[in-house]
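Since the structure of chain A is provided, determine the placement of chain B on it from the hints.
2 protein chains.
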Amino acid sequence: MRILVIGGDGYCGWATSLYLSSRGHDVTIMDSLVRRDWDREHGLDSLVPIASTRRRVDEWQRTSGRTIRFQQTDATDYAALCALIDEVRPDALVHFGQQRSAPFSMIDREHAVRTHLNNTLTNLNVIWALHERSPQTHLVKLGTMGEYGTPNIDVEEGFITVEHNGRTDTLPYPKQPGSFYHLTKVSDSDQIYFACRIWKLRATDLNQGVVYGTYTEQTALSPALANRYDYDHIFGTVLNRFCVQAALRHPLTVYGKGGQTRSFLDIRDTVRCIEIACENPAAPGEYRVFNQFTEMFSVEQLADRVAAVARGMGLACDIAHIENPRTEKEAHYYNCVNTNLRSLGLEPTPLSDETIARLIELARRHADRVDLELIPPRVTWGGAAQREGALAGANPAVA
Amino acid sequence: MRILVIGGDGYCGWATSLYLSSRGHDVTIMDSLVRRDWDREHGLDSLVPIASTRRRVDEWQRTSGRTIRFQQTDATDYAALCALIDEVRPDALVHFGQQRSAPFSMIDREHAVRTHLNNTLTNLNVIWALHERSPQTHLVKLGTMGEYGTPNIDVEEGFITVEHNGRTDTLPYPKQPGSFYHLTKVSDSDQIYFACRIWKLRATDLNQGVVYGTYTEQTALSPALANRYDYDHIFGTVLNRFCVQAALRHPLTVYGKGGQTRSFLDIRDTVRCIEIACENPAAPGEYRVFNQFTEMFSVEQLADRVAAVARGMGLACDIAHIENPRTEKEAHYYNCVNTNLRSLGLEPTPLSDETIARLIELARRHADRVDLELIPPRVTWGGAAQREGALAGANPAVA
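Quick mapping for you: the protein sequence lines, in order, are chains A and B.
If you read the first sequence in the working numbering, its first letter stands for residue 1, the second for the next number, and so on.
If you read the second sequence in the working numbering, its first letter stands for residue 1, the second for the next number, and so on.
Hints are not guaranteed to be accurate.
For chains that are exact copies, the list does not tell them apart, and a pair is met inside one copy or across any two.
Lysine to aspartate or glutamate pairs mimicking EDC-like chemistry, simulated, CA-CA at most 20 Å apart [as the list claims (entries may be wrong)]:
| hint | residue 1 | residue 2 |
| --- | --- | --- |
| 1 | 329 | 300 |
| 2 | 329 | 169 |
| 3 | 329 | 74 |
| 4 | 257 | 300 |
| 5 | 257 | 163 |
| 6 | 329 | 371 |
| 7 | 257 | 323 |
| 8 | 257 | 328 |
| 9 | 200 | 323 |
| 10 | 329 | 154 |
| 11 | 329 | 286 |
If you're looking for bench data, these hints aren't it; they were derived computationally from the structure.
So that you can see chain A by itself, here it is in the shape it has in the complex (with noise of 0.2 Å):
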């Protein structure tokens, strides 16, 4: 199939670029590359060196004899993207390209708009030039399990039967989002529902839980095909993040009572969902979500996880609760479904001691690139008032 992969510089866009090209795939890269500015905007950086765009698809042509095209246009650009998509001729879009950090669109007013307006435009012009110039093309967007929230009562996968009142329908399934960056993940969903209803476009929303290691077969083929892994207070999601700090003798900084429960899965599991929907296409004008992810857990057991093997590697390892930055439910019922990739032949990896191992090793051998600063949390939900005060002693061990 033709692929395009909008955002397939970043983290699961690069994975998944590589993995979808060693399957046989013609794939394209569309990216602006804007997160690596990002990156050194907040004094960012990956723990594990990443090589420049080019560079890893020179790469990967060296390696596998496989050509993955590189194209830097931002989806912001209309013209820029009509373009690419007349070129391409994509069986499939993958939309990647979207600013993905919670604490990131909470950081003030300019980063909650500067969000919205990128992952809103993408999605705008995504869907408007399937509709202009390929509406055969499926589009596959990455959307969030935190579009959901933590709803007290079991999470389908889009869409739920209510009956009220003596009368039953199937409606979109209540969205609670809990930043500004969630927010325009639920917003684009319903775009492109909608798109999927005026203009029969064919859309898979693949509401994806928190991703976790950075290894796949291809990335691990040569350090210039290295995917990234952030550990840092912005990108840094909880898993990679605890690894670091069990690796650096820091620690683990559970946010809150850590009865946050949330979905997961292994990076190894985004790619090969991506390529399930990708070869099992929506239908003209349906408009599906599947729940991306494998497994539940509850920050507290992802440490105690983490924490065991760490001391199994004679690490020494504590967890300390600290005041929790966000605004979020630290004990609630939560419970989703996830049987749309299963069935669609999704087998999953579940978290193994030797996956945290594995990142535990390679933050210890990345040690002298952790800077500990980046690691304590320092946007706050609830703004100025909350930083000033409560969280002055956040860090247990840099404060």
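Below, chain B without anything else, positioned relative to chain A:
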């Protein structure tokens, strides 16, 4: 109360500003006047001539002895918005300052994006400005009944209690907006609800039905206080448009079967609803939704009502069913709750033959200003294909 009305020069905004001022509130209008630019851009004009905003507020001072401050400021300009909030220190901020036409948002990608950027940026700016400058101010935000779409169950006011697999939760009511414009309002609602949760803002989201009429006691005091009367295919709402058609002995153009049922209210009830919301503010941290309408009608019912009144006035009046430019159900269940405003004291003004006759009379008086070419729909939800095909003979009188 000190009340800041963003978008106070518009159709609902102007009538509301006058009414609140007449009731003794201290009103400041902030408006970019971009709506008047959009009229020029699309060759549209109010059927009833409207004075400049400066002239309007001067005339109000002369007529009533009361002062309405006016500042031409765009709410997309954050610094200017904050400065005005600092100066006014409003008890209530009423936010009408958005692009409010569904067809406008469906013209093409550029108009969809412009609608989204304008509406979302003003909304984000308003909530951030209240958070950073004036968290005790009560936000009164204009939403739309169109956020809900036409589900097969009763529409509640913002939230619904769902029982699912033996568990229960009260969740945001599922939304199915029917245009890019309506999508922005859903996004606004989600953002405001979030802001109330994390920042303890206080907000009332008014999901307003389709407004008809132009007459209020205050707008009638002088021609320079007259409200706008839109009858064109972009900004004209259905009842107002039918009355213009009747006045000109033009067939009333019903889109499709006419079974589309919607919520309606008289503009005299709009202004009263805003006052009720302001005078009964939400509590800190409270996000509440009022469905702001008084009656439900199908488009066919409205056409019949207008035709009957027109015939009673000696005007021949036909009803013509034309191809529906929108993608929407033309026969569906529709039953919406509207008890919140009633329980706070709203006494509805039901649609009367007198109101219809007054609108027809007004249109006859300004018949020389009507451009019939502006009435038939030229914006289609399906885009170019639909436009070139089925709508070729859409307007029986003009075609």
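Results for each hint:
1. 329 <-> 300: within (14 Å within a copy, 48 Å between copies)
2. 329 <-> 169: So residue 329 and residue 169 pass the 20 Å test across copies only (15 Å; inside, 29 Å).
3. 329 <-> 74: neither (36 Å within a copy, 37 Å between copies)
4. 257 <-> 300: within (8 Å within a copy, 58 Å between copies)
5. 257 <-> 163: neither (35 Å within a copy, 28 Å between copies)
6. 329 <-> 371: Result: close neither inside a copy nor across copies, 30 Å intra and 57 Å inter.
7. 257 <-> 323: within (9 Å within a copy, 59 Å between copies)
8. 257 <-> 328: within (11 Å within a copy, 47 Å between copies)
9. 200 <-> 323: between (47 Å within a copy, 19 Å between copies)
10. 329 <-> 154: within (16 Å within a copy, 30 Å between copies)
11. 329 <-> 286: Intra 34 Å, inter 17 Å, cutoff 20 Å: inter-copy only.
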